[in-house]
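The listed protein sequences derive, respectively, from chains V and L. Under our numbering, think of the first position of the first sequence as -5, with each following residue one higher. Under our numbering, think of the first position of the second sequence as 60, with each following residue one higher.
Cut-off 25 Å, straight-line C-alpha distance, at most; resulting in silico cross-link-like pairs (SDA-like, lysine to any residue): (1) Lys60(V) / Gln32(V); (2) Lys155(L) / Gln97(V); (3) Lys8(V) / Phe33(V); (4) Lys155(L) / Leu68(V); (5) Lys155(L) / Gln32(V).
No lab work stands behind these hints: they were computed from the structure. Computed from a predicted model, the values in this text were never measured in an experiment.
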Amino acid sequence: GAVVSQHPSWVICKSGTSVKIECRSLDFQATTMFWYRQFPKQSLMLMATSNEGSKATYEQGVEKDKFLINHASLTLSTLTVTSAHPEDSSFYICSARDGGDSQPQHFGDGTRLSIL
Amino acid sequence: GQNIDQPTEMTATEGAIVQINCTYQTSGFNGLFWYQQHAGEAPTFLSYNVLDGLEEKGRFSSFLSRSKGYSYLLLKELQMKDSASYLCAVRDGDYKLSFGAGTTVTVRA
Chain V
-5 GAVVSQHPSW
5 VICKSGTSVK
15 IECRSLDFQA
25 TTMFWYRQFP
35 KQSLMLMATS
45 NEGSKATYEQ
55 GVEKDKFLIN
65 HASLTLSTLT
75 VTSAHPEDSS
85 FYICSARDGG
95 DSQPQHFGDG
105 TRLSIL
Chain L
60 GQNIDQPTEM
70 TATEGAIVQI
80 NCTYQTSGFN
90 GLFWYQQHAG
100 EAPTFLSYNV
110 LDGLEEKGRF
120 SSFLSRSKGY
130 SYLLLKELQM
140 KDSASYLCAV
150 RDGDYKLSFG
160 AGTTVTVRA
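Bound conformation, chain L alone (with noise of 0.2 Å):
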């Protein structure tokens, strides 16, 4: 199967930065996924990687480094809304997607 590891926690004061790791070992690769996932409803997509570097959105940023099968998702200017559990997702040489356990952050103020 398909093994990939993120943090389980992590704590911030509103107005930081926060980075989520994600290593990850699968048979083949097509892209890397990042979710927010707040309680009890379902995963909304952030961003993807699927060659190495950096992909900026917004507040949310996700880097990729096949090589060291490596992504980290990084948070700026953290909100309270931000509260959330992160997914790292990884699609395999067949498309299946595998899910990290998540990553919850809380935002303190």
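The shape of chain V in the complex, shown without the other chains (with noise of 0.2 Å):
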């Protein structure tokens, strides 16, 4: 139990281009999505925690303009990299809780997004 998954894997693109990484939960209901960041050999950085049907609460530094994150449904969230750049080129990663607050958090796949 507690699936999340993740698409697309990979992603490369031409600078500008806006990409949109998708995360579900397969077999259970999240009302709360999280999506990290992980620079190579570097930990996860948390980017910003997905809300079922409110605003996401992003973590300071992070730009809400260029990291849009629609989470329309208790099974889906989505991340829009807009017109991304080189130095957006990271390791993306979602995660799902199976119940409350206690709960630990599933890992997606991640995508990996490299912008030429």
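Two chains, two separate frames, one set of hints: put the complex together.
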């Protein structure tokens, strides 16, 4: 149980392109999902908390206009990197909780984004 | 911000035991997690401690001391497939997860 699916797994695109990443909870409903970014050999950094039916909560230093988050249903959250540039190249990972705050987060397989 | 420290690298022999330490300083505490992450993949959940003491799960055990801000992950009977990065993550008073930089464990034959 507690499977989180993330799509696509790998994206290579030109600078200036907008890229959408989907995160789905397959066998449970998630009112809260999380988006992380991980640069090579560094730890996961929380970008934002996605709340179903309301606006996402962004961490300090993360531009909300650049990283658009939509959580329209209990099983789907999307992250759109708008006008992506080479410095946005990173490993983006989503996670979701199956239940309340005390439950562990389960991670998607991640999306490797490369901007040329 | 939160401060989570763990060693960068550890090497051990197949069949041996390795202990990965993690110390933390956070605003509030709502549990400590250990995740395993293979290169290029997402983290997978290993263990969770919220009370002091040892949690055992097969070959993996995790210990927590809240008063000392300290945890360790113990890997027994190491196998080659255990070569990975091990992430210590602490959930703070706002239920946000903060991750350590990870400990890369290399298992040698």
